[in-house]
Structures are given as structure tokens and as C-alpha cells.
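Chains as they are written, first to last, in this note's numbering: chain A, 1 to 286; chain B, 1 to 286.
Wrong hints could be hidden among the right ones.
Copies of the same chain look alike in the list, so a pair counts if it fits in one copy or across any two.
When the alpha-carbon atoms are kept at most 25 Å apart in a straight line, the in silico SDA-like pairs for lysine to any residue are as follows [said to hold, decoys possible]:
| hint | residue 1 | residue 2 |
| --- | --- | --- |
| 1 | Lys28 | Asp191 |
| 2 | Lys99 | Gly143 |
| 3 | Lys185 | Ala33 |
| 4 | Lys125 | His88 |
| 5 | Lys219 | Ser260 |
Simulated from the structure, these hints should not be mistaken for laboratory data.
Keep in mind that this is a model prediction, so the values were computed, not measured.
Chain by chain, the residues:
Protein chains: 2
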Amino acid sequence: MKKLAFLGPHGTNSEEAAIYMANLCKEKMNLVAYNTIQDAIQAVAQKDVDYCLVPVENSIEGSVRITLDTLAHDVDLMIESELIWSVHNQLLTKNPNAKIHTIISHIQPLAQCREYLKSHYPMAKTESVSSTARAAEKASCYGDGYAAIATKTAADLYNLQIIDTDIQDVEDNFTRFILLTNKDKVKKYQDVANMMIICQIDGRAGSLYELLGDFACRKVNMTRIESRPARTSLGEYIFFIEIDANVDKDILQEALMQASKKCFWLKNLGKFPVYKASNKLVNEIN
Amino acid sequence: MKKLAFLGPHGTNSEEAAIYMANLCKEKMNLVAYNTIQDAIQAVAQKDVDYCLVPVENSIEGSVRITLDTLAHDVDLMIESELIWSVHNQLLTKNPNAKIHTIISHIQPLAQCREYLKSHYPMAKTESVSSTARAAEKASCYGDGYAAIATKTAADLYNLQIIDTDIQDVEDNFTRFILLTNKDKVKKYQDVANMMIICQIDGRAGSLYELLGDFACRKVNMTRIESRPARTSLGEYIFFIEIDANVDKDILQEALMQASKKCFWLKNLGKFPVYKASNKLVNEIN
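Given the sequences, and given the hints that come with them, work out the whole structure.
Have a look at this one:
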């Protein structure tokens, strides 16, 4: 049976998304929890597991830096598919009658709910831990005065009560997950929607403009660009570029070939289909 | 006497940089500590203080999202100058003989030292708090087994011992700080080096390419581009663009005018000089 790694422990958003993805793949898969996103990705690179499903971007808080940095610097994996997951943040506590002084969660949900926390719990401290499930576990263990931002599943698992629902600052709160695998295992799909490349260009005036021109002049639509420090020197960046893959494959190939000539290096993470689902509704949205 | 806000409490990197900046301004300034970056910026907007000096980017961990998001969404301030601050992360603890099980810091230094922590303290948990000084205070208060990543000043202030120095993953660890003030107070300098704009463009294919073209075709060099979610919908972004301001001012003005026509909105945070200094060396580097 194939193995799928996710950011554990049980009760995380990542686990809910991984269960959904495993069903979608129509293959029986063993889900394996890892302590960090980095560990889940490395487990694929080291072939301890076949796949991992990791978050890459949230619609409120932006990119998940550890995922981007690991993909750029540490591994050489491909994206098999993408899942757009609608996230519903719940506020959980053991004793709803106790005054809340500390709110625990992963840094992403803490940031997604920043305005809510400021207006509803201006005096409460926040504490960040490695996952939402770990936050629920802590809130359960510490008891009175502690709350966690986590999933409904975590509320059940850690015996907590939901005191507020959908507390994220913007109602539409999506996290994009990517399913990563090794090059020799990646499936080729007909209906691809997205493509991701990572590259480093020189710092010359107009370099990025020229690179984007290779796509724009062929009517290839770039849907997202994100920069990260190259970690070589201040002012040197690598770029994560996502492209609408729904174009003629020869044109796309030519654009990529031209673009790669302008880069110190270019990593192609492949073309892949995109699915959409929710942890609120059981059935698929799209 | 003028007031300058920084991210407190005493002993933070921000305070060290603020002291340096106050000296550079050749004006007597009262330094005022705020609990969060957001509060320091809002204090300027609400005219409780004249200036704030806040971090905007680190060479290892990338942009400081709360600074960018606050500048884009919540206030309408100008950048008066920039300080490139060379950061030296120290590992501090109360009792060097006790086995370290928890390492506390702000999320930025924790990320800057990620590889170091993984190789030297693989079993230690990390805990993020609102500033490096707060981390030192906590490590001092909790005692045995707790360490903080913080400044030398914090070691003195909170009676901790330095057990390792310069633990950041890359030797050159710079944080860029910006000095923010209100539009009616901003000084005009002759020797400007940098310029920052924030804008939102439509999601059409090639929109960003065309916008960058307004600068590239006039040989105006874009030195940095960073995207953040527009917080409207998944796939909509705002861009933070930095420009080498050392060009003819009429050409720059024309480029900006053309660019602004392609944007839903464009905020110009001004042209400003850039200084370089260090918390290791007492004298200015550059």
C-alpha cells in the first residue's frame, strides 16, 4: 500500500486535506504523520513514503515559506496535483466559563485570525506551536484560560468545546496544498491547470522583466510570482512562478526554454491538475 | 523633543538599530518601546510619536509581513530613510550546565537559525514570542533548560550567559529597517538611493509584465518585488516594488505615472537614502 505523509499529529487541517486527497486518488493509502512540513517533504525525497501533501499558500497569510524554501534548496521533487482547501478556523477551549488569557495555534492560523484576536481578546497572549492539533492538545492539557485555534476534528480528539466558529479575518480562507512525489513516480495527467517553476536570475536591471516577457509574448499567463531571499546575499532573490498550464504544450515548452536561458538555474516542478474542496462540507465544491 | 517608536522591550535588535538611527539623525530623540510592530507603526499614524523604525526585510528569512501588510492596508505613511543592519544572533541561557530543552525567540531569528537549531539542538522545542528581548526575559525567568536567541544587550539586561555566538545559518545576516513618518513631516534628501511603491494590478495575463515594462523601458532598475495576498480573493495580489532611485527625477516621475495607470491603486512611499551599520561593530561600516 502506498504511503502519504502529512503534517501531524492527528486532527490538523493537513490531515483532513490528506484524507480527502487519498480518497481522490482512488488508491488505498497509508497516512503517515510527521512533526514538521520539512520532515514530511524529506520523507518523500528519501523514499520513506511515496507522497506528501503540504500547504504552499494561504489566501490571507500568503506563502508557506518553509515549503517554498525546502522545494528550492533541499529536494528535487515534482508536484502531482494541487488541492485548494477551504479552511474554517474554530476557537476551542476546555472550560468555556474561564477567562481566556492565552491563545495557542500554528503561526498561520494565528496570522489568519489576527484582527479577530485583537478585537475579541486584546489582552490575551498568543503562543505558536508546530501545528493546530498540537495547539488543541496543549489547550486541553493546560485547561482553564487556554484556547486553541484548530479544527473540529481536534475539538473531538482533545475533548475541547467550540466557543466560536469561522474566526478567520476574511470569510474565504483557502489553503493550497500540493501533492509531491519523486520524478520517476509522477503521473501524467491530461487536464492540467497549473505549473510551477523556481528560478534564480541575475540582478541586472530589467532581468525579471525580460524573463516574464518570454511568457507574456506567447500569451502564457503567469498566475503568481513570489520572491524569496536566495540566501546568498542581501538583494539576491529566487522566484517562484506559477503559470496557467492550459495552453499548447509546444508553446509552453518554448517559453520555458527561452526563460531558462536567462536564469542561473531553473527547476520545473511540473504541470498538474487542481482540485477544490472544504473541511466544512463533506462533498466536493467544484 | 521628537519621539521615535521601536519594537520593545529594551534589548531588542530594533532598539539597537533605533539608537543608531537617532544618533544618525543628529536630533535628540526620545525612544519609545511598543509591544508590536503594528503598534509602533500605528503610533506614527495617530501622531503619538514622530517616527518609528521598523524591520521590513531580512536577508535570510525574507520580508516582515506584518510591516508590509500594515503599510499597504492600514496607514498612509512615508519612508524617510533606510538602515541596513547587520544582525548577530546569540544563544543565551541562565545556566550553561543544564541541558537545553526549549529555545525561545521571535519567529524571525528562529527561522534565521533553523539549520543551526536542527543540527545542534535536534531534540529541543522552539517557542516563539513577540520579540528577542521578551525571549531573553522568559529564558531568564524559567531558568534551567531554557535558552533564548537574542542580542548581547539582552544578555546583560536579563542576566544570561552567552553560550554561542553568531548562530544564524548564513554569516551575513542583514535586517533592513525603515524610518516611517507622516507625509507633512518627511524630509527631502538630495542623495536618495531607494524608492518603494505598493500597488494592486488586475489579474489579466501580462499585467505585471506591462507594469514592469514602464520601468524597464526607461532603464529604471527594479531592485526588489514582493507579492502579498490582496486579502480579497485567492489569486489576487498586491505588489511591493523597490526601485533604484538614483535616476533622473523626471524619468522616474514619468515611469510612475505610466505605471499607476495600470493599477487599481498605487501608493508611493517616497525616495530615501540608505545607511548601513552593525550591532557588532560600534562604528559605521559604510
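So, going through the hints one by one against the coordinates:
no., hint, verdict
1, Lys28 with Asp191, "within (23 Å within a copy, 65 Å between copies)"
2, Lys99 with Gly143, "within (11 Å within a copy, 28 Å between copies)"
3, Lys185 with Ala33, "within (21 Å within a copy, 54 Å between copies)"
4, Lys125 with His88, "within (22 Å within a copy, 27 Å between copies)"
5, Lys219 with Ser260, "both (17 Å within a copy, 23 Å between copies)"
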